[in-house]
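J.: Residue strings, one per chain:
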Amino acid sequence: MKIVVGVKRVIDYNVKVRVKADQSNVDLTNVKMAMNPFCEIAVEEAVRLKEASVASEVIVVSVGTAQSQEQLRNAMALGADRGILVEADGEIEPLNVAKAFAAVIEKEQPGLVILGKQSIDSDNNQMGQMLAALIKRPQGTFASKLVIDGDQALVTREIDGGLRTIALTLPAIVTTDLRLNEPRYAKLPDIMKAKRKPLETLSLADLGVTAKAHCRLDKVEAPAMRSAGVKVASVDELIRKLKDEAKVIS
Amino acid sequence: MMTLLVAEHTSTALASSTLSALTAAHQIGHDVHVLVAGNNIAAVADAAARLSGVSKVICADAGCYEHALAESMGDLIVHLSEHYSHIIAPSNSESKDFMPRVAALLDVGQVSDICAVLSAEQFKRPIYAGNAIATVTVLDDKKVITVRASAFDRTTQQSAQACEIESVDFSVENRLSCWQSDDITASTRPDLASASRIVSGGRGVGSGANFALVEALADKLGAAVGASRAAVDAGFVSNDLQVGQTGKIVAPDLYMAFGISGAIQHLAGMKDSKVIVAVNKDEDAPIFQVADYGLVGDLFVVLPEMTSKL
Ligand SMILES: Cc1cc2nc3c(=O)[nH]c(=O)nc-3n(C[C@H](O)[C@H](O)[C@H](O)COP(=O)(O)OP(=O)(O)OC[C@H]3O[C@@H](n4cnc5c(N)ncnc54)[C@H](O)[C@@H]3O)c2cc1C
Ligand SMILES: Nc1ncnc2c1ncn2[C@@H]1O[C@H](COP(=O)(O)O)[C@@H](O)[C@H]1O
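Quick note, the sequences are listed as chains U and G, same order.
Going by this note's numbering, the first sequence opens with residue 1, and the numbers climb by one from there.
Going by this note's numbering, the second sequence opens with residue 1001, and the numbers climb by one from there.
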């Protein structure tokens, strides 16, 4: 079984973004970029399935600029076998990304697709669900456990009240939550080896996809700032302030 | 132009997030129909029909909607979508699962987690873990939207007369996915998403057993219990208590953080709370930058003292 994994290049999760002075967007000049953390978890899960001989090949796919090759190489250093870069400029909307993935899946015929649950830049949480709808396959979102059992995937999902387990008929789309696994670090020899793994570059046109605009970004502002409050010296003072000043307890 | 609001409910009652999404729906400005889907949900449909500013309730009461599986919910909503310009739902683990599916089936985009309605086409939403707020205009004719409940007041007004409840006779034969089991944490405390007070613990709490200290204060205050990702990952508490970018987004009147450092991903979930209290033994912990009241101290001393003095 082949596994296709989505890898998105995003701002490093440790960086605090700033909004540009003209409010056109956030400022990403000279900002450290990295693989979306949820995609790292997706790569790790796929590689583990390959190590367990459940999967035969792990293909990582990114839709983005040429710089996304860096994250694809990184994923190959972590154990993915080959990469596909679908070149596209700027922030590309989830439905368009999903259409590109649908076309790749049509070609590759994977038994499983693993994606992150959410991009930490756009915070959309959409792509996997959209892809599942486009290719008419079942979805297991926000997975904290994944077991492949014959032609089924048993997915334990993190839901509002706790956990839910569902059974999906393969091929299926799974999106990762934080507790699915703990991704490994790439070792130097693997980083070297990854440079020789195949990386194919395609355009949206090669895949027969026309990107459509569904949403226009008008403005990006900094959120309302909270002013740091006061330090209190004791529990008694804290209780007094909460009662008399903030009036949130009585 | 009409709006279809997909209700969140517990099978017996409407969730308060539905009331917040209703406020957003009213701001969009069209007639609002509420879809209540599930199994044996007549009571929920009745409650929805009494809400002010709802002109019709559509009730899809069938076994196939019991666990709100995305494959079934997606087909149902698409089946009903024809007459609506807006399809909206409060953002929760179910709607996040089925709404993008609806959007893709309709070949339109989705706007996730709006926090303000500027017009029927223009909305604000947080991006980058809430470190930036985007204003976006939806270009599609049909607009699929999820609503950040904590950003909208709840419509609690009732109308004098209940509106019409229409049953839909549409069932989905879903052979692709199948519910197996739920492991739901039973709690007698208020629900985290709608509580007016929350007491949260982080890695500093040290263990699941120590969380009893957090719970004791929460019970004294009639508060819900929350946690950081580190506390959940370490197994101190269950996943549904995680507050943050990828957990629950909350905005209670009082949020108290014990042994939480204040990573941006955690702040993303709670920085809109009215009053924030932080207790941390590290005086430089970033959580103090957003706290109205900060106490530098050992939580193992502060928590019991506070619980006993309240
Ligand atoms: C993609 C992604 C998504 C994430 N999503 C979330 C999310 O939704 N929610 C979330 O919370 N995190 C999230 N995180 C994790 C986040 O980055 C932090 O790692 C996490 O919030 C840290 O939790 P913490 O503050 O409990 O632990 P730590 O950062 O380890 O802080 C523990 C604090 O406890 C204090 N302490 C220790 N002992 C005591 C004591 N006896 N008395 C008083 N204080 C004490 C310490 O001084 C320290 O400040 C996410 C991370 C990533 C990469
Ligand atoms: N441009 C992209 N390239 C590759 N994968 C993507 C891209 N956009 C989204 N994804 C995948 O879809 C997941 C969810 O993204 P989103 O819907 O944007 O929050 C991500 O974690 C990725 O796995």
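Treat the hints as calculated values from the structure; they're not laboratory data.
Every residue gets a Cβ at the ideal spot worked out from N, C-alpha and C, and that includes glycine.
Treat the hints with caution; some may be incorrect.
[Claimed, not checked] Distance condition first, Cα-Cα at most 25 Å in a straight line; then the derived DSS-like pairs of lysine-lysine:
(1) Lys1309(G) to Lys231(U)
(2) Lys1220(G) to Lys231(U)
(3) Lys1274(G) to Lys1309(G)
(4) Lys1281(G) to Lys241(U)
(5) Lys193(U) to Lys136(U)
(6) Lys1220(G) to Lys16(U)
(7) Lys241(U) to Lys2(U)
[To be verified] Short, incomplete list of chain G residues facing chain U, as computed with Cβ under 10 Å:
(8) Asn1131
(9) Ile1165
(10) Glu1166
(11) Asp1169
(12) Ser1171
(13) Val1172
(14) Glu1173
(15) Leu1176
(16) Cys1178
(17) Gln1242
(18) Lys1248
(19) Ala1251
[As the list claims (entries may be wrong)] To spell it out: a stretch of chain U is covered by chain G in this simulated footprint if at least three of its residues, at any positions, have a beta carbon under 8 Å from a beta carbon of chain G; those stretches are:
(20) 8–22
(21) 48–55
J.: With 10 Å as the cut and Cβ atoms as the points, is Ile1165(G) at the interface with chain U?
T.: 26 Å, violated
J.: Need the status of pair Lys1309(G), Lys231(U): alpha-carbon distance at most 25 Å?
T.: 19 Å, holds
J.: So, Ala1251(G) near chain U? Judge it on the closest CB pair being under 10 Å.
T.: Since the shortest Cβ distance to chain U is 12 Å, the answer is violated.
J.: If you count the residues of the stretch 48–55 of chain U with a beta-carbon closer than 8 Å to a beta-carbon of chain G, do you get 3 or more?
T.: Our answer is that it is violated, as 0 residues pass the Cβ test (under 8 Å) against chain G, missing three.
J.: For the restraint on Cys1178(G), tell me whether the closest CB of chain U is nearer than 10 Å.
T.: Given a least distance of 5 Å, the restraint on Cys1178(G) holds.
J.: When you check the alpha-carbon spacing of Lys1281(G) and Lys241(U), does it fall within 25 Å?
T.: 20 Å, holds
J.: Close enough to count: is the Cβ of Leu1176(G) nearer than 10 Å to one in chain U?
T.: OK, holds: Leu1176(G) within 10 Å of chain U, min 4 Å.
J.: With chain U as the partner, please determine if Asn1131(G) meets the hint condition of a C-beta pair closer than 10 Å.
T.: 5 Å, holds
J.: Go through the hint on Asp1169(G) and say holds or violated, using the shortest Cβ distance to chain U against 10 Å.
T.: 23 Å, violated
J.: Decide if the proposed pair is consistent with the structure: Lys241(U) and Lys2(U), CA atoms, cutoff 25 Å inclusive.
T.: Distance of about 60 Å is beyond 25 Å: violated.
J.: Taking 8 Å as the Cβ threshold, is the statement that the stretch 8–22 of chain U is covered by chain G upheld or broken by the three-residue rule?
T.: Answer holds; 5 residues pass the 8 Å Cβ test.
J.: Verify the proposed pairing of Lys1274(G) with Lys1309(G), using a straight-line Cα cut of 25 Å.
T.: 23 Å, holds
Comparing the model with each earlier hint shows violations of hints 5, 6, 7, 9, 10, 11, 12, 13, 14, 19 and 21; every other hint is respected.
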